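Number of protein chains: 2
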Amino acid sequence: MHTLVIGLGSMGFGAAVSCVRQGIKTTGFDLNPEALKRFEAEGGLAAAALETCQGIDCVLIFVVNASQAQSVLFDSALFDALNPEALVINCVTLAPSTAVDIANRVEAQGFRYIDAPVSGGAAKALQGRMSIMASGSRHAMMDAQPVFDAIAEHVFELGDTAGHGSQMKLINQLLAGVHIAAAAEAMNLAASLDMDLQKVIEVISQCAGSSWMFENRAPHIADGDYRPLSSVNIFVKDLGIVTDEASHQQVVTPLSDAALALYREASDAGLGGEDDSAVVKVLAKQSNVTLPGSRQ
Amino acid sequence: MHTLVIGLGSMGFGAAVSCVRQGIKTTGFDLNPEALKRFEAEGGLAAAALETCQGIDCVLIFVVNASQAQSVLFDSALFDALNPEALVINCVTLAPSTAVDIANRVEAQGFRYIDAPVSGGAAKALQGRMSIMASGSRHAMMDAQPVFDAIAEHVFELGDTAGHGSQMKLINQLLAGVHIAAAAEAMNLAASLDMDLQKVIEVISQCAGSSWMFENRAPHIADGDYRPLSSVNIFVKDLGIVTDEASHQQVVTPLSDAALALYREASDAGLGGEDDSAVVKVLAKQSNVTLPGSRQ
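Just so you know, the protein sequences line up as chains A and B, in that order.
If you're matching positions, the first sequence starts at 0 in numbering that gives the first Met the number 0 and goes up one per residue.
If you're matching positions, the second sequence starts at 0 in numbering that gives the first Met the number 0 and goes up one per residue.
Keep in mind the hints are simulated off the structure, nothing from the lab.
The structure presented is a predicted model; accordingly, all values stated were derived computationally and were not measured.
Heads up, a few of these hints could be off.
In silico DSS-like cross-links for lysine-lysine, where the CA-CA straight-line distance does not exceed 30 Å [stated by the list, open to error]:
hint : chain 1 : residue 1 : chain 2 : residue 2
1    : B       : K236      : A       : K198
2    : A       : K236      : B       : K198
3    : A       : K123      : B       : K198
4    : B       : K236      : B       : K284
5    : A       : K284      : A       : K236
6    : B       : K24       : B       : K36
7    : A       : K123      : A       : K236
8    : A       : K123      : A       : K36
9    : B       : K284      : A       : K236
10   : A       : K24       : A       : K36
11   : B       : K236      : B       : K123
12   : B       : K123      : A       : K198
13   : B       : K123      : B       : K198
14   : A       : K198      : A       : K284
15   : B       : K36       : B       : K236
16   : A       : K284      : B       : K236
17   : A       : K24       : A       : K123
18   : A       : K123      : A       : K198
Model the full assembly from the supplied sequences, consistent with the hints where possible.
If you want it as structure tokens, here you go:
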């Protein structure tokens, strides 16, 4: 099963390398030549243009957002490279209604579509241990199994049509985005009280106030290390999708609204490319709090 | 070591019973005669009035709030019941500055004070497995060890003066209160999208969006079961302490503010005595969402 991975960023690169390790013939495509070189060094095949690809049975899409996904699907040579009934597995986080729309257009061309947003972070992706929130026809899911086995630890099968996968990712991103902002708020208050931040992490991680994101991101704040695992701008985008979808449903989301405002302020302050935990810098500035690693 | 437990609510009752089980001579005091009867049935000694108590070496305070704690300490016969240098272990959630103030007044009477707010919930309390965020003199902590061993799984020693324990509890309650509100917001949005709520819990619990509170409280919402483990009014109080302390430090807390507004709205709507996850009912009403267990 010749597999093409489009977008060799942190998640896509991990998925592509995991496929190679499982003996799947895998071609990677990215606009960044450095990413292609890194992939070739791992034993993958590099494509500098989609026009050079052919005979693809399965394509995994790992671009940044809905507009890039639509562009690569509908405004490129991709469909010419695909075999009939090829699997199109879209791993991009996008609105459920967009997932349904894209699925309809892809299936109208005779290809099969799986709505398959992922979770887990770059480290797990590189180990072939991401989580996939997947929905698509039973038959497509079965044919995708070798690829899913290569890249994922958990594959949640959420329904036989597109949209269900993206709905679950939406709920996950709501919680993840709010929890990172809450971790930042808690660490900023703790810093203002001159608490030992390492001790805060040690204790809270064993108490009812803990979250996956607190355990993962609070150490970045305590260490003053904002090298991006996932960036502020990812949550500007993803909480934007959450609040748009909620507005569309006429559903109130006061916590997501408050968190999104923080990510936007951070992005506007030039922190968009830093780790998402850098939202704490917005809070610290507004509160006159000195954080670890910041200039006095 | 004759121990007196004041306040036999869900946490205090669990602590008192755990002391009895470890062979510590334990007297319980509560204004509710039913609570006293239940404690006697577990082998404890019941005191209907503090005037009848004497020879107490250690008192554990488990009343609801700072004002009750101050009243039982300074406007009752408690001090007459205490032996010289008795241990006063205050497990009530209160502002760090209040903890310092109370400690000073207790120590001025010749007693020893431990600032010891707790976490873990009623079920763990009953198993002698709560968590204690403790600060107090090294000597007092050593003497308290048999009681801590009886009631707690984790004792975090956070410093040699009062206030440090309450600071950590403050941070925990900020996170816990925001995470419950976030879980409610996520479940309400999922319900509006007609998602399978049990599936949401199953998937999110294994993804980056999870939190201790999500795993614990989201099932209440999916089951439509709002019998209180911990009530809405507890978080009206505790997030009130968080935001007061933050204001005092001139620290901004936009997520705590948004969550506190929800708990207050729930309390104003007559839901104060329900499980804290009942904040979801405020969101559902504002969003015209029908939740499990609600009247159509």
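Against the structure, the hints come out as follows:
A C-alpha spacing of about 25 Å is found between B:K236 and A:K198, which places the hinted pair at or below 30 Å, so the restraint holds. At roughly 25 Å between alpha-carbon atoms, A:K236 and B:K198 fall within 30 Å of each other, so this suggested pair holds. For the proposed pair A:K123 and B:K198, the alpha carbon gap of about 23 Å is at most 30 Å, so the pair holds. Annotation: proposed proximity of B:K236 to B:K284 holds, straight-line Cα distance about 23 Å (limit 30 Å).
Between A:K284 and A:K236, the direct Cα distance comes to roughly 23 Å. Compliance with the 30 Å bound is thereby established for this hinted pair. Of the supplied pair hints, the one linking B:K24 and B:K36 holds, its CA atoms being roughly 17 Å apart against a limit of 30 Å. With a CA separation close to 22 Å, the supplied pair A:K123 and A:K236 stays within the 30 Å bound. A distance of roughly 21 Å separates the Cα atoms of A:K123 and A:K36; the hinted pair therefore holds under the 30 Å criterion.
Proposed proximity of B:K284 and A:K236 is supported: the alpha carbons are some 28 Å apart, at most 30 Å. Restraint check: the Cα-Cα separation between A:K24 and A:K36 comes to about 17 Å, which is no more than 30 Å; the hinted pair holds. Of the pairs offered as hints, the one joining B:K236 and B:K123 holds, with about 22 Å between alpha carbons and a cut-off of 30 Å not exceeded. In summary, the hint linking B:K123 to A:K198 is supported, as the alpha carbons are separated by about 23 Å, within the 30 Å threshold.
The straight-line distance between the Cα atoms of B:K123 and B:K198 is roughly 27 Å, inside the 30 Å bound, and the hint therefore holds. Of the supplied pair hints, the one linking A:K198 and A:K284 holds, its CA atoms being roughly 23 Å apart against a limit of 30 Å. Restraint check: the Cα-Cα separation between B:K36 and B:K236 comes to about 29 Å, which is no more than 30 Å; the hinted pair holds. With a CA separation close to 28 Å, the supplied pair A:K284 and B:K236 stays within the 30 Å bound.
Our distance criterion of 30 Å between C-alpha atoms is met by A:K24 and A:K123, whose separation comes to about 21 Å. The straight-line distance between the Cα atoms of A:K123 and A:K198 is roughly 27 Å, inside the 30 Å bound, and the hint therefore holds.
In the structure shown, no violation is registered for any of the earlier numbered hints.
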